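Model the full assembly from the supplied sequences, consistent with the hints where possible.
Chains A and B, in that order, give the protein sequences.
Okay, so the first sequence: first residue is 376 according to the working numbering, each after it adds one.
Okay, so the second sequence: first residue is 16 according to the working numbering, each after it adds one.
No lab work stands behind these hints, which were simulated from the structure alone.
All figures in this text were calculated on a predicted structure; none of them were measured in a lab.
Hints are not guaranteed to be accurate.
Said to hold, decoys possible - For each label pair, taking beta carbons as the anchor points, the in silico distance ranges come out as:
| # | chain 1 | residue 1 | chain 2 | residue 2 | range |
| --- | --- | --- | --- | --- | --- |
| 1 | B | Gly80 | A | Tyr395 | 28 to 38 Å |
| 2 | B | Asp82 | A | Tyr395 | 22 to 32 Å |
| 3 | A | Ser482 | B | Glu302 | 40 to 50 Å |
| 4 | A | Trp402 | B | Gly151 | 22 to 32 Å |
| 5 | A | Ser482 | B | Asp197 | 22 to 32 Å |
| 6 | B | Gly37 | A | Leu620 | 38 to 48 Å |
| 7 | A | Pro511 | B | Leu139 | 44 to 54 Å |
Beta carbons are placed, not taken as given, at the ideal position from N, Cα and C, and that holds for glycine.
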Amino acid sequence: MPDRESERFSPWIGFRTLFYKEVLRFWKVGFQTVAAPVLNAVLFLLIFSHVLDRHVTVYGDISYTTFLVPGLIMMSLLQNAFANSSSSLIQSKITGNIIFVLLPPISYREFFTAYVTASVLRGLMVGVGVWLVAAPFVDLPMAYPLWVLMFAVLGGAILGSFGVIAGIWADKFDQLSAFQNFLIMPLTMLSGVFYSIHSLPGLWQSISHVNPFFFMIDGFRYGFFGQSDVSPWLSLAVVGACFVLLSALTLSMLARGYKLRN
Amino acid sequence: MTPAIRIDSVTKHYGAFQALAGVSLEVAQGEFFGLLGPNGAGKTTLISSLAGLTRPSSGTLEVMGHDVVTDYRRARMKFGVVPQELVFDPFFSVRELLRIQSGYFGIARNEEWIDEVLDNLDLLPKANANMRTLSGGMKRRVLVAQALVHRPPVIVLDEPTAGVDVELRQGLWQFIRKLNRDGHTIVLTTHYLEEAETLCGRIAMLKAGKIVALDSTRALLKQFASHSLRVRVTDADAALAVGGVIEDGSWVTFGFDAYADVEQLLARLREAGAGVEEIQIGEPDLERVFVEVMNRA
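Here's what the structure looks like:
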């Protein structure tokens, strides 16, 4: 019988393979997807620490360079988690090879989990890269490692999920770069990566509180210093809610086959 | 026996445009079935609906008894598609792609079958080459290999020989025929009607989203196409009086159903004063059937 193989299906293998393919895809161009973002972050670190380290201290006696490192790690992690799923999907859509993922019996949940998990992994690899490069020059404490890990994974998952939405919605690279340049970049830059929001005027402090990236970075930084601009529990609640909402939206798009299955 | 494919009253609208207008069709297991039609007739929409790439507006589609929407995992496990467009993932080698494609179908270790498919498609020497480095014909073969990695009992080939050289085309058909002999159901769409005529036991013709002909290839040929008698005559105008059609200068063509009619035709030409210098007899072909069916529909 020709269909003896087709009687069996293991969803776990389907998910694992899609995850593996997504990881292999960015790893094969590792200079572009991991090494280059690490270099970018290190350049930020060198320039800002050179200019500001002797003039600014944060949370009492923490040097500016030490304060900056967690923010840069998280910024790089978030941007690369977004870039991974979004660029993979738009490339697959434009070249047409997305059908190889749509034809197999992979469910929309497995699809979502594989793309988001691979995005988290790339984000973590870039984040760890920035950390490792900065480590010899900065004495970075680690007050609560689990909080660091929790915010890193949740932040990566939020941006990975957002990348899936952007990659599915965008029909051309130009639309995707608009997401990156007009939304992700300003929101991360203005989220307290380079400063504590206590140093901002009242109005800007209030505005920062509606930026979810602020809570991702502030909570992540709490894991290192044991201090933060707002309660880490508030940050966790906001980040957790963002993850649930974005995941629900992404899963709903995938379940409906929005822009993937006509 | 459960049909390999069952399509029941399927419609598909894209806004005001109706791509499929109530298509119903069954393909039995083990058939070599042709799906023909002009561009825009709805062939690819129908195939995409079977593959789960397009969601029908109404109606149901089943593959080996499994609904493609409600029981999509089983339906897709039994379905392999060779897409029309030459699409590929530029990050991977041929073998990597086939391993990945196997994994998508839940098959972790598939090396033996991958090697067999690569061998049958003459792809073994290119197994470790990156997809970007392959010629168009090679890429087409990889598409076939990808559709077969999970050994689906139902295989759809959407214009598989478009832009493919003669040697590869022959090799490909040899392999597909072997799969059909082994029990796989094959559904073929092609614009090369002589391929469909040679390979397909049964044919459906689509026009504007509707099936306008559905029968065995032999019955379609018998029903719609007659034999043709081409004669070079000394006086073409005289031959016209007998009912022929002038092709170029002195060649005139007549249609006939039985060989016994030839003698009568020649006698009538002689009587009309058109001396016969040369004769050619043409067999009925699918191209004529296709043109006839499309004109009538």
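Evaluation of the provided hints:
1. Gly80/B with Tyr395/A: 28 to 38 Å: Check passed, 32 Å falls within 28 to 38 Å.
2. Asp82/B with Tyr395/A: 22 to 32 Å: 30 Å, holds
3. Ser482/A with Glu302/B: 40 to 50 Å: Since serine 482/A and glutamate 302/B have Cβ atoms about 44 Å apart, the given range 40 to 50 Å holds.
4. Trp402/A with Gly151/B: 22 to 32 Å: The hint (22 to 32 Å, Cβ to Cβ) holds, given that tryptophan 402/A and glycine 151/B are roughly 29 Å apart.
5. Ser482/A with Asp197/B: 22 to 32 Å: Holds, since serine 482/A and aspartate 197/B (Cβ atoms, about 30 Å apart) stay within the stated range.
6. Gly37/B with Leu620/A: 38 to 48 Å: 41 Å, holds
7. Pro511/A with Leu139/B: 44 to 54 Å: 50 Å, holds
Checked against the numbered hints listed earlier, the structure breaks none of them; every hint is satisfied.
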